[in-house]
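Chemist: Following the hints, complete the assembly by docking chain B onto the known chain A.
Protein chains: 2
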Amino acid sequence: MFFIIGLGLGDCKDITIKGLEIVKKCERVYLEAYTSILTCGVDVLEEFYGRKLIVADRDLVEQGAEDILEGSKDKDVALLVVGDPFGATTHTDLVLRAKEKGIKVQAVHNASILNAVGCCGLQLYGFGEIVSIPYWTNSWQPESFFGKICNNYRNKLHTLCLLDIKVKEPTLESLTKKKKEYMPPRFMSVSEASQQLLETIKKLKENDETPVVAEDSLCIGLARVGSDNQEIVACSLKEMAEFDLGGPLHSLIIVGPILHPLETEYLEQFKI
Amino acid sequence: MFFIIGLGLGDCKDITIKGLEIVKKCERVYLEAYTSILTCGVDVLEEFYGRKLIVADRDLVEQGAEDILEGSKDKDVALLVVGDPFGATTHTDLVLRAKEKGIKVQAVHNASILNAVGCCGLQLYGFGEIVSIPYWTNSWQPESFFGKICNNYRNKLHTLCLLDIKVKEPTLESLTKKKKEYMPPRFMSVSEASQQLLETIKKLKENDETPVVAEDSLCIGLARVGSDNQEIVACSLKEMAEFDLGGPLHSLIIVGPILHPLETEYLEQFKI
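Chains A and B, in that order, are what the protein sequence lines are. If you count by full-length UniProt numbering, then the first sequence holds residues 1 to 272, one letter each, in order. If you count by full-length UniProt numbering, then the second sequence holds residues 1 to 272, one letter each, in order.
I should point out that these hints are in silico values taken from the structure, not numbers from a laboratory. One thing to keep in mind: the hints can contain errors.
Here are the simulated EDC-like pairs of lysine to aspartate or glutamate, each with C-alpha atoms no more than 20 Å apart in a straight line [as the list claims (entries may be wrong)]:
{"no.": "1", "chain 1": "B", "residue 1": "Lys168", "chain 2": "B", "residue 2": "Asp59"}
{"no.": "2", "chain 1": "A", "residue 1": "Lys104", "chain 2": "B", "residue 2": "Asp228"}
{"no.": "3", "chain 1": "B", "residue 1": "Lys13", "chain 2": "A", "residue 2": "Glu21"}
{"no.": "4", "chain 1": "A", "residue 1": "Lys99", "chain 2": "B", "residue 2": "Asp228"}
{"no.": "5", "chain 1": "A", "residue 1": "Lys104", "chain 2": "B", "residue 2": "Glu268"}
{"no.": "6", "chain 1": "A", "residue 1": "Lys13", "chain 2": "B", "residue 2": "Asp11"}
{"no.": "7", "chain 1": "A", "residue 1": "Lys13", "chain 2": "A", "residue 2": "Asp43"}
{"no.": "8", "chain 1": "B", "residue 1": "Lys13", "chain 2": "A", "residue 2": "Asp11"}
{"no.": "9", "chain 1": "A", "residue 1": "Lys101", "chain 2": "B", "residue 2": "Glu265"}
{"no.": "10", "chain 1": "A", "residue 1": "Lys101", "chain 2": "B", "residue 2": "Glu263"}
{"no.": "11", "chain 1": "B", "residue 1": "Lys104", "chain 2": "A", "residue 2": "Asp228"}
{"no.": "12", "chain 1": "A", "residue 1": "Lys177", "chain 2": "A", "residue 2": "Asp59"}
{"no.": "13", "chain 1": "B", "residue 1": "Lys99", "chain 2": "A", "residue 2": "Glu265"}
{"no.": "14", "chain 1": "B", "residue 1": "Lys104", "chain 2": "B", "residue 2": "Asp93"}
{"no.": "15", "chain 1": "B", "residue 1": "Lys24", "chain 2": "B", "residue 2": "Glu70"}
{"no.": "16", "chain 1": "A", "residue 1": "Lys168", "chain 2": "A", "residue 2": "Asp59"}
{"no.": "17", "chain 1": "B", "residue 1": "Lys202", "chain 2": "B", "residue 2": "Glu143"}
Small disclaimer: the values here were computed from a predicted structure and weren't measured.
Pulled out of the complex, with its shape left as it was, chain A reads as follows (with noise of 0.2 Å):
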């Protein structure tokens, strides 16, 4: 049986019971270690385990389906992701794989952060499309997050944005290379994706526009969600900008037009 475990977001404990017992029992468990992050290392998640565990990077998940699911239509094969199971392409591919091959798929799922933001004091329901923000590049500023960010805000819906992860991304120059070589692992913070943000809006009021969201508009920054040294806070987009909240992993949610009693309540905690 192959085994796909969220692990959930914060530290080692945030597995659950049906898990750590299918870790336990498991001949081979890899470690996905490349779409996200736990705020623990993977020698604390082996201690806590009591077991070795076979970290499986971008190139191993993607293109080695075969390696993972090797002998598990007999055998008992894990693969631990953070978060819940479903949350990126490649783990559906590989449970794909795995169901061309006759193998038999469980998955234990896990809070991720899709369900976690709901710590900020912002009903569920209240969302609209998820967008993700990825790094700009000097000849790549793709913007197209910002028009769903205020086709939401049109729609009364507040808007859960996703930061870009740069983790084991080969660098430009060694992809021609034999051997390639990785840029050091980047994750964005709530800051640099408001300070894209602005940039866009500039533009856009330049090009004589006006944009729904904007400088003043209301969002939220969080880091470390489901940790114990979580943080969260509420201020306007051009504050956002200047705000350092620690290490990652960062989310922002641009904030819709109207909020509940409830919801304006519990943001006055997070002001800063």
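Modeler: Chain B only, in chain A's frame:
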């Protein structure tokens, strides 16, 4: 300290290690038992935790904040909720009441239907606003959810429909009496939800409107997500209205107009 602990979606083993450790050390532990249900009973939870639970019904959670929070400034008290702690407004309210009293609060996250729904293979960033479909009565047949579904569809997004739960609902007759009487619990099935949707479509067509979501639209029915006997089925809305997915809880997805090839491939296994 006041803890609000998510139990996830399946059975007693879906609690996290962190959650279980807290349950074991608390002075009092309440189990919220009306916004959602697990597939196991209270007795199974009590045996697994090795301790007594206080079942918190609707009246207690909505009006009994004082009772629940009593003494939690100095002692540890926990409220267990199915899914994630911030799935319902009443939980957010309880956290606020605790903070007002100077009581420290810690949330322990877990899976909720909002992320676990990814098990059907649709990517979570392709969903729009969540809608709730309430049971219609003879005199109250709201259709606002249908407008939201169509709006999502026009924005090329899927819609997750949360289906009504009636647990410990006082009977209309008993509202004026001293002693409340309750209706038997009801959990809306995907078939019932689909019938209400078809009814709405029929009315619109009688008014010469052409809704973007119609009898032949693709939808996905999910039952008991996260449990051993989870079932998923993909078919037209018309077919779904006739389909029996077994015991609760059910959720319904109205699929958007565009699918990624991976999503199409994944859905194949659920076609009837």
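Chemist: Are the Cα atoms of Lys168/B and Asp59/B separated by 20 Å or less?
Modeler: holds (9 Å)
Chemist: Check whether the Cα positions of Lys13/B and Asp11/A lie no farther apart than 20 Å.
Modeler: OK: Lys13/B and Asp11/A at ~18 Å, within 20 Å.
Chemist: Are the Cα positions of Lys99/A and Asp228/B separated by 20 Å at most?
Modeler: Status holds; Cα separation ~17 Å.
Chemist: Is it true that the CA of Lys104/B sits at most 20 Å from the CA of Asp93/B?
Modeler: Answer holds: Lys104/B to Asp93/B is near 14 Å, not above 20 Å.
Chemist: Do the alpha carbons of Lys202/B and Glu143/B lie within 20 Å of each other, as the hint requires?
Modeler: OK: Lys202/B and Glu143/B at ~12 Å, within 20 Å.
Chemist: For the pair supplied as a hint, Lys13/B and Glu21/A, is the alpha-carbon distance within the 20 Å limit?
Modeler: Since the Cα atoms of Lys13/B and Glu21/A sit roughly 9 Å apart, the hinted pair holds (cutoff 20 Å).
Chemist: Taking 20 Å as the top limit, are the C-alpha atoms of Lys13/A and Asp11/B close enough?
Modeler: Holds: Lys13/A and Asp11/B sit about 18 Å apart, inside 20 Å.
Chemist: Starting from Lys24/B, check that the Cα of Glu70/B is at most 20 Å away, please.
Modeler: Since the Cα atoms of Lys24/B and Glu70/B sit roughly 19 Å apart, the hinted pair holds (cutoff 20 Å).
Chemist: Could you grab the alpha-carbon distance between Lys13/A and Asp43/A and see if it respects the 20 Å cut-off?
Modeler: Within the cut-off at roughly 14 Å; holds.
Chemist: Next pair to validate is Lys104/A with Glu268/B; report whether the Cα-Cα distance is within 20 Å.
Modeler: holds (16 Å)
Chemist: Holds or violated: Lys104/A with Asp228/B, Cα cutoff 20 Å?
Modeler: Roughly 13 Å between the alpha carbons, so the hint for Lys104/A and Asp228/B holds.
Chemist: What's the verdict on Lys168/A and Asp59/A, does the C-alpha distance respect the 20 Å limit or exceed it?
Modeler: Given pair Lys168/A, Asp59/A holds - Cα atoms ~9 Å apart, limit 20 Å.
Of the hints listed earlier, there is not a single one the structure fails to meet.
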